[in-house]
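Enquirer: Assemble the complex: chain A is given as a structure, and chain B must be docked to it using the hints.
Those sequence lines, one after another, are chains A and B.
In this note's numbering, each number is its position in the first sequence, counted from 1, plus 1.
In this note's numbering, each number is its position in the second sequence, counted from 1, plus 1.
Hints were generated in silico from the structure; no laboratory data involved.
Misleading hints may appear alongside valid ones.
It does not matter which identical chain is meant; a pair holds if it fits inside one copy or across any two.
[Stated by the list, open to error] Derived lysine to aspartate or glutamate pairs resembling EDC-like cross-links, with alpha carbons at most 16 Å apart: (1) K10 <-> D56; (2) K10 <-> E74; (3) K10 <-> E25; (4) K10 <-> E39; (5) K85 <-> D16; (6) K4 <-> E69.
Since we're looking at a predicted model, the values are computed, not measured.
There are 2 protein chains.
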Amino acid sequence: MQKVNIAAKLATFNDHWQPRIVGELNGQHVKLVKLDGEFVWHHHADEDELFLVLDGHLTIHLRDHVVELDAGEFFIVPRGVEHKPVAAREAHVLLLEPATTLNTGNVRNDLTVDHPARI
Amino acid sequence: MQKVNIAAKLATFNDHWQPRIVGELNGQHVKLVKLDGEFVWHHHADEDELFLVLDGHLTIHLRDHVVELDAGEFFIVPRGVEHKPVAAREAHVLLLEPATTLNTGNVRNDLTVDHPARI
Numbered sequence: 002m003q004k005v006n007i008a009a010k011l012a013t014f015n016d017h018w019q020p021r022i023v024g025e026l027n028g029q030h031v032k033l034v035k036l037d038g039e040f041v042w043h044h045h046a047d048e049d050e051l052f053l054v055l056d057g058h059l060t061i062h063l064r065d066h067v068v069e070l071d072a073g074e075f076f077i078v079p080r081g082v083e084h085k086p087v088a089a090r091e092a093h094v095l096l097l098e099p100a101t102t103l104n105t106g107n108v109r110n111d112l113t114v115d116h117p118a119r120i
Numbered sequence: 002m003q004k005v006n007i008a009a010k011l012a013t014f015n016d017h018w019q020p021r022i023v024g025e026l027n028g029q030h031v032k033l034v035k036l037d038g039e040f041v042w043h044h045h046a047d048e049d050e051l052f053l054v055l056d057g058h059l060t061i062h063l064r065d066h067v068v069e070l071d072a073g074e075f076f077i078v079p080r081g082v083e084h085k086p087v088a089a090r091e092a093h094v095l096l097l098e099p100a101t102t103l104n105t106g107n108v109r110n111d112l113t114v115d116h117p118a119r120i
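Next up, chain A with everything else stripped away, as it sits in the complex (with noise of 0.2 Å):
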């Protein structure tokens, strides 16, 4: 039961793709991450995904079209649908999905985080 300044939250950590868990409510992660290049194409079979642009510039690719997001704009992924989050320079990104989602979905390689930190 404590406040959490999102700023404050950011400053703790640099490194890329690692996201972190700032707060938790029925079941769902809310997740804060910077994000840097590019990720890898995957889907969350029974997640939905929501990404909230704090900082940057998110694009998102999906299979038939792209997803530009700008800094207080926000885009869920529904489950089932193959993504690939891009950001051509740092951006830092809430997220909320469920507290079940890895975030490489379907797919396990370097970037996949199993257990995100609590900060």
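Expert: Just chain B now, with coordinates in the frame of chain A:
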């Protein structure tokens, strides 16, 4: 499958304490609301509720303490916990809560919104 620009959505309404649904995922609603003044004490028996301040300042009264939120800060009110949001001046807030959530929780009065609009 469309992105949401939060500022653009907020520009479409000016009333207070009337949440709008702007997204849905995993049985949760993302809502935007403009607050001004004092709400009613209430709780949600089965729903945790997240308040993220986008603009302005929000005071969430709990029975044993008070949480002060500036823009960029959020607080999760756990299910069952009585709370009373107060905004001394207009504040813009993003809410995240289960789709089943009634804004006034266990209370029914003039502020109750049974069917929030989707915008």
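Enquirer: Against each hint, give a clear statement of whether it holds in the structure.
Expert: Structure-based check of each hint:
1. In this assembly of identical chains, the alpha carbons of K10 and D56 lie at most 16 Å apart only when taken from the same copy (14 Å versus 19 Å across copies).
2. In this assembly of identical chains, the alpha carbons of K10 and E74 lie at most 16 Å apart only when taken from different copies (10 Å versus 20 Å within one copy).
3. Taking the closest pair of Cα atoms, K10 and E25 come within 16 Å of each other only inside a single copy of the chain (15 Å); across copies the shortest separation is 26 Å, beyond that limit.
4. Taking the shortest Cα distances, K10 and E39 never come within 16 Å of each other, neither inside one copy (23 Å) nor across copies (29 Å).
5. For the homomeric pair K85 and D16, neither the shortest alpha-carbon distance inside one copy (19 Å) nor that between copies (38 Å) is at most 16 Å.
6. When the C-alpha separation of K4 and E69 is checked against a cutoff of 16 Å, the pair qualifies only between copies, where the shortest distance is 8 Å, while the shortest distance within a copy is 30 Å.
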